[in-house]
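Take the sequences, apply the hints, and build the full model.
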Amino acid sequence: MSFVLYLINGISLGSVYAIIALGYTMVYGIAKMLNFAHGDVIMIGSYVSFITFSQMGVNPIVSVVMSMVVCTLLGVVIERVAYKPLRKATSPLAVLITAIGVSYFLQNAALLIFGANPVSFTSVVTLSPLKLAGGDLVISGTTIVTIVLCLIIMGCLMIFIKKTKAGQAMLAVSEDKDAAQLMGINVNATIALTFAIGSGLAAIAGVLLCSAYPTLTPYTGSMPGIKAFTAAVFGGIGSIPGALIGGILLGVIEILGRAYISSQLSDAIVFAVLIVVLLVKPSGILGKPMREKV
Amino acid sequence: MFKKNLKKNNVFVTYAIVVVAYIVVEALLLTGNMSSLMQGLLVPLCTYSLCAVGLNLCVGYLGELSLGHAGFMCIGAFSSAFFSVVMQDAITNSIVRFIIALIIGTAFAALFGFLIAIPVLRLNGDYLAIVTLAFGEIIKNVVNVLYIGYDSTGWHISISSQQALGLAEDGTMVINGAQGITGTPHDSSFTIGVILIIIALIIVHNLTNSRTGRAVMSIRDNQIAAESVGINVKKYKLLAFTISAAIAGSAGVLYAHNLSTLTALPKNFGYNMSIMILVFVVLGGIGNFRGSVIAACILTLLPELLRGLSDYRMLIYAIVLIAMMLFNWAPAAIVWRQKLKAKFKKTGEEA
Amino acid sequence: MALLSVKGLGISFGGLRAVDKFNINIEKGQLYGLIGPNGAGKTTVFNMLTGVYKPTDGTIMLDGKDITGKTNIEINREGIARTFQNIRLFKEQTVLDNVKIGLHNRYKYSTLDGILRTPKYHRVEKEMDEKAIELLKVFDLDNEANVLSSNLPYGKQRKLEIARALATDPVLLLLDEPAAGMNPKETEELMETIRFVRDNFDMTVLLIEHDMKLVSGICEELTVLNFGEVLAAGKTTDVLNNPEVIKAYIGE
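Quick note, the sequences are listed as chains V, G and A, same order. Taking the working numbering as reference, the numbering of the first sequence is continuous, increasing by one, and the terminal residue is 294. Taking the working numbering as reference, the numbering of the second sequence is continuous, increasing by one, and the terminal residue is 351. Taking the working numbering as reference, the numbering of the third sequence is continuous, increasing by one, and the terminal residue is 252.
Since the hints were derived computationally from the structure, they do not count as laboratory data. Hints should not be assumed to be uniformly reliable.
Some chain G residues well away from chain A (every beta-carbon gap over 12 Å; in silico) [as the list claims (entries may be wrong)]:
hint : residue
1    : Leu28
2    : Leu29
3    : Leu111
4    : Leu123
5    : Thr172
6    : Met173
7    : Asn222
8    : Leu306
9    : Met324
10   : Trp336
Calculated lysine-lysine pairs in the DSS-like style (CA-CA distance at most 30 Å, straight line) [what the hints assert, rightly or not]:
hint : chain 1 : residue 1 : chain 2 : residue 2
11   : V       : Lys32     : G       : Lys235
12   : A       : Lys91     : V       : Lys177
13   : V       : Lys177    : G       : Lys339
Backbone N, C-alpha and C define an ideal beta-carbon position, used for all residues, glycine too.
Dropping the structure here:
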């Protein structure tokens with residue numbers, strides 16, 4: 001029975017990774033950059049939700065929406081200020097290093113504002129736990145909400161990309177920026193929209209993450225961020241279903257690794273997965289291989 | 001982006017700066033004009049400078065970003081401290097002991113750098129950065145669950161707990177998991193640190209201005225062209241990465257022998273340290289070794305000197321990093337700088 | 001026996017057959033042209049000959065030795081050097097250093113010699129400098145030896161690429177559109193330089209070019225590629241008067 005519970009917890013954690021991974025995978029697919037600061041946007045979103053919901057007692061849904069608004073704005077501002085000027089830089093390292101700088105900035109700004117002490121996050125989910133198998137298997141409300149929400153988000157996003165003009169523009173920009181520009185697509189706006197969606201989703205992920213693991217510090221976002229990037233790579237960077245598959249696989253691996261191998265080495269296990277995936281199949285499960293034109 | 005290799009006369013300027021700075025510090029120490037806070041910063045300063053020089057070789061000349069250099073520092077620190085603790089009574093001359101420890105720490109970091117580079121260097125750009133980050137974190141995590149001790153029956157190793165070692169009563173713990181290594185002899189000093197920096201500067205300068213260095217830079221500038229003229233890309237990438245890791249390892253040796261208790265924390269051997277070193281490299285100028293050393297010194301000392309600023313240290317680092325990248329790399333900023341330069345030239349000619 | 005003998009060379013990318021049944025025979029000392037409309041697969045042929053792409057089928061023989069499937073590094077060591085259509089210089093290095101990188105496998109000392117600055121280092125570096133300057137003189141670039149290669153004007157960058165390729169001491173030189181972006185005067189000079197290289201370096205040259213003046217001016221034989229297949233091959237004048245070739249170029 002404990003195995004089933006671990007599995008469900010793994011899927012739940014994996015669902016959070018999947019939502020975060022969406023932000024990475026969309027930005028990587030469209031702007032061709034690793035947004036290192038994405039994990040820290042999650043942390044900011046969690047703090048917003050913490051202040052509005054846990055401290056001010058705002059309605060949980062309003063609190064989540066506020067958090068999404070803040071993160072969306074933050075994502076767009078970061079893109080505009082730090083990444084856009086470097087889009088045509090000659091070295092690929094330039095924007096990567098800047099993104100690391102932004103990540104570092106958000107962490108340390110949060111450290112100054114909120115302090116280093118962890119705060120205790122109250123779950124925004126009020127759903128009562130589900131008891132199965134005569135009470136042997138208790139699945140928390142947060143777990144259920146997380147998994148369901150993840151599936152809903154994935155579905156909506158896929159429909160958005162397939163059916164709307166903005167979604168099609170995203171696909172076009174990810175294929176070929178210059179050609180998209182020539183076809184009259186506003187590339188800047190499309191990239192900004194991508195950051196907005198990714199960051200908005202990061203807020204949801206942050207709230208879900210902190211509802212399941214209720215300690216919040218300025219460093220809360222960085223590890224899940226890196227792991228979610230791993231998930232995005234695992235599933236195939238640029239692919240939305242890939243983010244779901246990669247996220248859930250990674251979540252399950254982490255929880256099972258923590259339970260059956262070593263709790264202190266669970267991060268190391270996740271990173272080992274990343275290394276193996278990148279070395280064996282860098283394009284991931286659902287990704288397309290790339291080659292340089294000579 | 002990559003600053004042109006320092007010319008010969010420039011190199012001696014670099015060495016001169018280091019030597020003068022050393023003499024000034026020693027004079028301050030002798031005359032008792034240095035606060036204990038500053039004294040405590042001297043060896044860490046050398047550690048950061050060394051590590052920054054190592055990372056700059058990787059970022060500036062190999063053209064790849066490693067976020068795992070703190071991991072190599074960690075390996076250098078732990079392997080050398082392990083040696084010094086065990087051999088503390090057997091080798092009483094601290095200089096001899098330190099030199100052997102230095103060789104061991106550097107060699108271990110080089111070995112791990114080499115082993116990690118074999119798979120990692122098949123990747124590039126963002127993927128390489130994230131995988132080196134992963135390796136760095138794995139190293140730190142593994143060191144934190146490592147228990148090694150010895151007793152009359154021999155060596156005991158475990159990766160779960162101290163109890164699992166089954167050490168006899170007369171046994172000695174050497175590496176005690178998250179508590180790390182205690183009792184490392186205080187063998188490093190500011191003088192040793194400065195000597196190491198000068199040696200490292202000589203090595204990287206001579207390396208980058210040699211046949212090997214040119215091959216490494218050719219890969220950075222254009223890998224396909226490098227292959228087309230028969231450069232063994234894999235060999236030179238491995239070589240540059242290994243030397244870079246080895247220098248970071250030597251920084252770890254220096255660091256470890258300045259502390260009586262060595263633990264692997266996120267702040268000293270985690271990814272935050274790798275980022276801090278990266279800030280030094282970027283501020284000093286990518287590809288500019290002298291700049292790395294100067295930046296490491298300024299950014300470490302400044303917040304300590306200006307009291308009240310130390311709370312904002314990390315935030316300042318972050319802003320410096322972003323601002324420097326935008327200023328140096330954004331195409332718009334480059335055009336603006338060129339215009340400004342032309343303007344100055346013009347007014348200069350008119351006058 | 002031909003210096004370069006290629007039989008049935010072909011490559012597919014996914015389902016697309018980029019080059020098919022490509023044959024070519026080049027004698028030692030020839031100046032040979034590979035021409036064809038845009039997208040005909042000329043550069044793809046170069047990429048297969050130099051090992052950048054692995055051919056799906058066919059064989060490549062260089063001086064009687066099978067070099068099919070070797071990597072681009074190995075093929076350079078076998079004696080094929082090339083230039084690139086989109087210039088690929090080592091931009092952050094000087095003109096001199098670009099050529100010295102080309103000399104890398106001919107003048108050797110170890111990494112340790114370099115770090116310790118042994119007498120061997122100084123001796124070999126001096127030899128490399130002399131050899132590199134000698135090569136730069138051929139292309140009239142010796143005065144710019146210490147200029148950053150990216151600061152050279154376009155025409156000189158193309159020349160530097162040829163100098164770098166020659167530095168590897170090849171038996172066969174592949175030039176991918178060497179006259180692209182050059183004015184008529186520069187093209188004229190380039191033709192002379194290519195002839196000079198052939199005569200003085202004992203070189204065989206295969207070049208891709210769109211400039212018909214250059215092609216008809218220096219190439220002794222031509223192969224015409226169209227839609228990935230050989231359309232015609234033979235003496236330059238015969239090929240250029242071939243109605244099929246004219247049709248492919250001008251259209252119906």
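These are the hints, each one checked on the structure:
no., hint, result
1, Leu28, "33 Å, holds"
2, Leu29, "32 Å, holds"
3, Leu111, "17 Å, holds"
4, Leu123, "19 Å, holds"
5, Thr172, "39 Å, holds"
6, Met173, "39 Å, holds"
7, Asn222, "5 Å, violated"
8, Leu306, "37 Å, holds"
9, Met324, "19 Å, holds"
10, Trp336, "20 Å, holds"
11, Lys32(V) - Lys235(G), "29 Å, holds"
12, Lys91(A) - Lys177(V), "25 Å, holds"
13, Lys177(V) - Lys339(G), "29 Å, holds"
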